[in-house]
Structures are given as structure tokens and as C-alpha cells.
Amino acid sequence: MHAIILFSHGSVLCGAGENLFALARQMEARGDAPIVEAGFLNYSKPIFEEAFAKCVARGATKISIAPYFLVAGYFVNVSLPPKIEAMSAQFPDVEVVVAEALKTHELLAQAILNCAARAQKPEKWRDLLDEAPRFCIDNPQCPLNGTPKCPLRPSPR
Amino acid sequence: MNSKNALLVMVHGSPRPSSNGSMFQVVEQVRATNAFDFVEVGFMELNEPPIPEAIDGLVEQGATSIIAVPYFLHAGSHVADDLPTLLEEAQEKYPAVEFSMGDYLGHDPLLMDVLAQRVSEVASQ
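Heads up: the sequence lines are chains A and B, in that order.
Just so it is clear: in the first sequence, position 86 is 85 by numbering that gives the first Met the number 0, and no numbers are missing.
Just so it is clear: in the second sequence, position 111 is 110 by numbering that gives the first Met the number 0, and no numbers are missing.
Looking at chain B on its own, in the form it has when it is part of the complex (with noise of 0.2 Å):
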């Protein structure tokens, strides 16, 4: 069987969905790196799909290995808890699938190139 890499996004999810957009660009242009044979966005509440049925189409479409990172900006309970009891349940769901988990996006040395970017952008007015 050949091997079919995925990126699963794993998303807080918002009452305000509209708010889901820069983070849908975002993803677009991890997509159009093609780092990944698929690349998928999941939920944690709120919008769908939830992160289990993200992980459901991407192993229907032949996913042998899943790297989730979460886009999430603290290492708060949801990336220390909640979101790798839903990457157990999905391993033991599908124990041939390859599950691992990346870091959350809050911890990438990158978010301060962001952030100096946003400051530079006011702080000359």
C-alpha cells in the first residue's frame, strides 16, 4: 500500500464562524506548499467537522500517516488534555493509521515575526 501523508489543523472553533476565515487562508497556503498529500481542518467545538470526522475523511481517502498540530496559541487544556485524548481515541480507532501530534502554533518562534509585523505596521502613525 503506498504510504499517503495528511496534516490534520486542529481548530478551537468560533460562535462567529466568519472568524474561521484567515485561519482557512492560512491553511490554503500550507495546502499549496504541498509539504502533504492532504491537508484537513478539524474542530473542537463549534464548526464542523469535528476533529473525529475530520479524521474519519482523511483515512477514507487513504491517509496512512496523520501529523495534527493544533492551532492554538496557548499550551492550555485543550492542547494538554483535550485535544490528545482525541487523537488516542482516533489511534485506537484506526491502530494501522500513524498518529503524532505537533506542536501548537503559539509555540513556533515565527508567532514573534507576526507579532513585530503587526506592531510596525501602527507604531510609525
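For reference, chain A alone in the conformation it holds in the complex (with noise of 0.2 Å):
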């Protein structure tokens, strides 16, 4: 069975993650594949080691791993290497195809077109900020953490 790993950086801002996990659920629930998965890089959950036992443990035996960036750099090139080849190690028997960055592609120019279409006024601009605190982690890192906007913590540590 063919699962796809969206791969991605991950972000220190609760909630950042949250894209990539509906864009996982669609792609898999139009048939993408029938099993698609997000693992990050860092600081986001889950990491890509725990994305990749999760796709083995649901029955894949072709893992297509398509790295979420924009063009294939430092965390592609040589980051994600050693992972896959620890996963692989783990699980032999799983055939494993890496995919180009997202890279040029007629769709982006599209996308930017849909996005300039969806653009918003001034008093919207931080709506994506005044989100993150629903999917607060209590993240250190988080640049809300220690600020009044943090559920968890709302004054510094």
C-alpha cells in the first residue's frame, strides 16, 4: 500500500502545523493515496520518524516522501537523508521514493492569484495570530508563550 509523508520544517508558533495536517486528510481523502501523513522537521509534532512508524504501522509498503518546501536545501538534502535511512534500517521491507521540492510549477502562479484574491484589509492581518492560542502546546519556543495572548502562560516564566 502507497502512503505519502508531507515532510516539512515545522514552525516554534502553536498551531503553524495545523495547514499541513488538513492538507494531509484532503490529499488522502481524494485518494492521493490511501494513506497520507505529516512529519516535521522540528519543533513541530509529529517529527517525521513518528509520521513514517505511523505509515508502516497502517500497512505501507512504498513510502513517497514529498518534501513541503519550497525548493530542496539544507533540510532536504541532508537533514532528511539520515532519517530515512534510520527508518530504513527499522523497516527494511518498505520501499522509500523522496520527491522534488515544490520548486516552480504554473499551479504556484496560480495559487498566488487565488491568495492576492482572498486578501484582506488591515484589521485582519493578525487573525492567524489570535489563533494560535487554541492549539497552544505550552511551547517555550512559541513567540505568545510568556505573553498575555498564551492560554498556558500568560506572563513570563
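These are computed hints drawn from the structure, not numbers from a lab.
Just so we're clear, the structure is a prediction, and the values are computed from it rather than from any experiment.
Heads up, the beta-carbon is just placed ideally off N, CA and C, and yes, glycines get one too.
For the chain A half of the interface with chain B, some residues (derived, Cβ under 7 Å), not all of them:
| hint | residue |
| --- | --- |
| 1 | Ser63 |
| 2 | Glu99 |
| 3 | Leu101 |
| 4 | Thr103 |
| 5 | Gln109 |
| 6 | Ile111 |
| 7 | Asn113 |
| 8 | Arg117 |
| 9 | Ala118 |
| 10 | Arg125 |
| 11 | Leu128 |
Derived Cβ-Cβ restraints for the label pairs, each shown as a range:
| hint | chain 1 | residue 1 | chain 2 | residue 2 | range |
| --- | --- | --- | --- | --- | --- |
| 12 | A | Ala85 | B | Glu120 | 23 to 33 Å |
| 13 | A | Val93 | B | Gly56 | 46 to 56 Å |
| 14 | A | Thr146 | B | Glu44 | 15 to 25 Å |
| 15 | A | Gln89 | B | Lys92 | 53 to 63 Å |
| 16 | B | Gly20 | A | Ala28 | 28 to 38 Å |
| 17 | A | Arg156 | B | Glu97 | 35 to 45 Å |
| 18 | B | Gly56 | A | Lys123 | 18 to 28 Å |
DSS-like, lysine-lysine: derived pairs with alpha carbons at most 27 Å apart:
| hint | chain 1 | residue 1 | chain 2 | residue 2 |
| --- | --- | --- | --- | --- |
| 19 | A | Lys102 | A | Lys44 |
| 20 | A | Lys82 | A | Lys53 |
| 21 | A | Lys123 | B | Lys92 |
| 22 | A | Lys123 | B | Lys3 |
| 23 | A | Lys120 | B | Lys92 |
| 24 | A | Lys82 | A | Lys44 |
| 25 | B | Lys3 | B | Lys92 |
| 26 | A | Lys61 | A | Lys44 |
| 27 | A | Lys120 | B | Lys3 |
Using the hints, build the complex out of the two chains.
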């Protein structure tokens, strides 16, 4: 069974990973692969190794890793390969391929135009920041941690 | 005064400027649609021009409205906090220009199609 892992950097802001989970759910629902999971390199959970193990537990025999990166830089070319090697040693029967980063694509140009069409006035510019507390995990690196906006730690440590 | 609309693509910037090549190609495709009178790129850090300078340039060219789209994949601190701050400063500097902020690139559903295509390029091998 084919699985896709959306491999991403991760972010310190609580809730920043939610978008990738939504992408994974929608790609799985529409059948891009029977299994689609998100895995992060830093800050956000699950980490790549956990996503890989979850794919295997769900029955994956082949895993395509799709870097959710604009270009394949250090994180894709240097950080990722040893992680794949370690997981392949643990699950030697699972075939692994790595796709290209997003790079250039006419759909990205269309996506920019779509994003522009959804443009908001200044009073809406910080809506994303205001949503972050809903996903609070008390991450000490989150920029909201220790500020009045943080539900778990509204004052500095 | 004629109204002139501008698109500002806000990019993180890279310690390896060659990494921006793909993004510039995508922006060129946007420019070719002629959906905007002006299309410019501004960087948050590391590369030139910085976002405030890119905005200065658009205003000098006569832009009366500027839509700024974050070329970012995540709703992290840059998109949620840093870029709004830069745009608020720009709005203060140019009160006669109408600024709006677009959705961030990673939030567009078309990203799923690009990801699926990148997978299909290697999955059949």
C-alpha cells in the first residue's frame, strides 16, 4: 500500500502545523494515496520518524516523501537522508522514494493569484496570530509564550 | 489620478540567493498574466530588496493599491506577526495607498495538486 509523507520544517508558533495536517487529510480523502501523513523536522509534532512509523503501522509498503519545501535546500538534502536511512534500517521491507520540492510550477503562479484574491484589510492581518492560542502546547519557543495571548503561560517564566 | 494596482510577493529570503530562482520563475508567470499593473518581490531578510524598499519602489512607480502575498508555506510567526508589522508600517508611511494582505501561499488548495504531482513523478519508478 502506498503512503505519502508530507515532510515539513515545522514552526515554533503553536498551531502553525495545522495547515499541513489539513492538507494531508484532504489528500488522503481524495485518494492521492491510501495513506497521507505529515511529519516535521523541528518544533512541531509528529516528527518525521513518528509519521514514518505510523504509515508502516497503517500498512504502508511504499512511502513517497513529498518535501513541503519551496526548494530542496539543507533540510531536504542533508537533514532528511540520515533519517530515511535510520527508518529503512528499522523497516527494511518498505520502499522509500523522495519527491522533488515544490520548486516552479504554473499552479504556484495560480495559487499566488488566488491568495491575492483573498486579500484582507488591515484589521484582519493578525487573525492568524489570534488563532494560535487555540492550539497552545505551552511551547517555550512560541512567540506568544509568556505573553497575555498565551492561554497556558500568560506571563513570563 | 489613475488607479494602479500592484502585487508585492513577500519572500523569506535565503542565505543562498540561487535558491530564489524557482520563486522568481513563478513570479514571472504571475507577471505574464497582466493581472496587476506592477508585480514586485520583497524579502524579509537576507536578500535585496527588503520589503519596505520594494514598497517604496511600487509607490514611486505610482501604485495606488498594493496587495502583499506571503510566499510562505506556514502560518508561522513571520506570516502571523512580522509581515503584518511591516505592512502596518508601510500603511502608516503611505496613508494614501490602499494596502491589503493576501493569504499565504501554503494555504491555497492548489498546493495539494503540486504535491501530488511531485509524488507521481517519482512514485511510479
